[in-house]
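Q: Given the coordinates of chain A, assemble chain B onto it according to the supplied hints.
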Amino acid sequence: MKTFKLIQKNQDISVYKELLKDLTTINIRRSSKFNLLAIYGALKCVEGTEYSENLSVYIITKYAPVTSVAKVLQDQKDGHHITPFDFLNINGNNASFYVAKALNAKGKNQVITTKNNTLEDIIELAKLDMELGDIDDALVGLVDESIDGILDGSSEDISHWVYLPKETSKV
Amino acid sequence: MQNRVFITGSSLVCSFGKKRKKTIKNIKKLNKKGYEKHVKNAIETETLYKITDFSDDMLKKFYSTLKHVIKKAVNEANLSKKDMEELHIFIGSTSMKVSLDEVELTRLGYGVIGEFAENLIGSKHGFKIFSTACTSSANALCYAAKMIQQKRIEKALVIGLEFFNKSTIGGFDSFGLLSKNKIYRPFDKRSDGIVLGEGCSAVILDSKRVKEDDFEYLSSSNVCDIYSETTTNPNGKSIFTCMDKAITDSKINFEEIDIIKAHGTGSQNNTQAEKNGLDLLFGKYQHKIPITILKSYLGHTLGACGTNEIALMISCIKSGFIPPVLGYKSGKDIKFDIIKDFTKIDKKVTILFNYIGFSGNNTSIILSNK
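Protein chains in written order, with my numbering: chain A, 1 to 171; chain B, 1 to 370.
Each hint should be verified, as a subset may be incorrect.
With a straight-line Cα cutoff of 27 angstroms, these simulated BS3-like cross-link-like pairs (lysine-lysine) come out [unchecked claim]:
(1) Lys166/B <-> Lys71/A
(2) Lys60/B <-> Lys77/A
(3) Lys81/B <-> Lys115/A
(4) Lys71/A <-> Lys340/B
(5) Lys237/B <-> Lys25/B
For the chain B half of the interface with chain A, some residues (derived, Cβ under 7 angstroms), not all of them [said to hold, decoys possible]:
(6) Ala42
(7) Phe54
(8) Gly170
Honestly, the hints are just simulated from the structure, not real lab data.
All C-beta atoms in this analysis are idealised placements derived from N, C-alpha and C, irrespective of residue type, glycine included.
In isolation and in its complexed conformation, chain A is listed as follows (with noise of 0.2 angstroms):
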């Protein structure tokens, strides 16, 4: 079982930007920096490991992409339409979009919200499915941008991400 956690202060979305450059080739230009923390600590996890041409994505989340969606709530407020980017950027599961889209992963991708937004939460639905049959191996992982600066609000940039591999729900 592999592990990959970043935990650290408010980053600019650049930072993120930088750090994929080298990682993946897809388009990431106009994507929010919540699918970027998010595609950047899947390829960490998994480098180096052959994972299933099935895996399946699974991301848990407190607040989703919340900086996007603040921009967009204040570029109503200050009259602007939503442009087509802005508006893909606050569905939620774009991030596990993306993220099966840089491992090239056909698998099944979900973003959800619990109670207690743990990372137990999330293997205990992909060890669900492994057990059923639906998927092979899967890659889970807690995601949050930072919100601060946004209802004064405070917290850091997760990325935290837990490879399973096949026969997981056995273990």
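A: Below, chain B alone, put in the same frame as chain A:
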């Protein structure tokens, strides 16, 4: 040995109102001519069917509607206070609480929706909120059902919700996906896009059947592809694989399915993808099943359409009819049967529900009350 899973209660609030009888009565009144007249009355400025039975104040409307659907579903399932405490909560939505945030952003994250439901029913088990675009509440229902089947939980409350917000309507508009004529015509040659809808529903899943005509969850499947952020692969293979896996897992014969409730997005790419997926399915089994679509009645209620369309379909079936695809006359290269007229039935049917979401997320569910 798996547990069986039954839908013991369901409720829906949509533009037809909050009362089931009124909704069914109004739907039955619609015919081909009546549909266009209805659309003109129901749709005002935005390309959207609105819920009008509650306050215009979004905060009141949001929580009053949510409270209403939960209470109605719980009552229909005859749940005691103790039963309600045992409900695990599963929620699906695309826009979550953006409609509230646009009025005033007071709290970050979606958890507040789950907490509201949790406090209302006194659940001891917390909540899971699914964010997989238009398959959100369908996926919420699938996981709830699988957990009951696997005896991990006994009962579940599944909620789908979608309320008006400028971000969503503006987003769809930015892609040119909204119908200019503001008329939903899924699969029809004249279709010019999507009409959105406000809608909120609740479904109770239980390992024990309550009423003789309760629908049973037979199977489900979720298949994703990475073709595009906005659409599933137009070749239809993902949609076909998804429906076919649900059929295989249901352990029933294909011919035993009486109706397919297609997603019927109304967008060009998804229409092509779903049409191709259905062609592949009917090609494999060499048998055609009549198709209906419910978006002409509800609008596209996005992440809530999973439970919304199940709740509406159950009401129609229990009232003795299959709702036709209003607005459909003829489609381009459509080789399957799309139901055009209200059809009386004996109230015992097996239905395949198909859903398609942004980012290539496809979900199929099979329910039966036979």
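Q: Take the hints in turn and mark each one as holding or not.
A: For each hint, the structure was consulted:
1. Simply put, Lys166/B and Lys71/A have alpha-carbon atoms about 13 angstroms apart, close enough for the 27 angstroms limit, and the pair holds.
2. Between Lys60/B and Lys77/A the CA atoms are separated by roughly 21 angstroms; this keeps the pair inside 27 angstroms, and the hint holds.
3. With a CA separation close to 21 angstroms, the supplied pair Lys81/B and Lys115/A stays within the 27 angstroms bound.
4. Distance hint between Lys71/A and Lys340/B is unfulfilled; the C-alpha atoms sit about 44 angstroms from each other, more than 27 angstroms.
5. With a CA separation close to 38 angstroms, the supplied pair Lys237/B and Lys25/B exceeds the 27 angstroms bound.
6. With 7 angstroms as the threshold, the beta carbon of Ala42/B stays out of range of chain A, its nearest partner Cβ sitting at about 25 angstroms, so the hint is violated.
7. For Phe54/B, the interface hint is violated, the least distance from its beta-carbon to any beta-carbon of chain A being 23 angstroms, above 7 angstroms.
8. This hint holds: Gly170/B has a C-beta 4 angstroms from the nearest C-beta of chain A, less than the 7 angstroms allowed.
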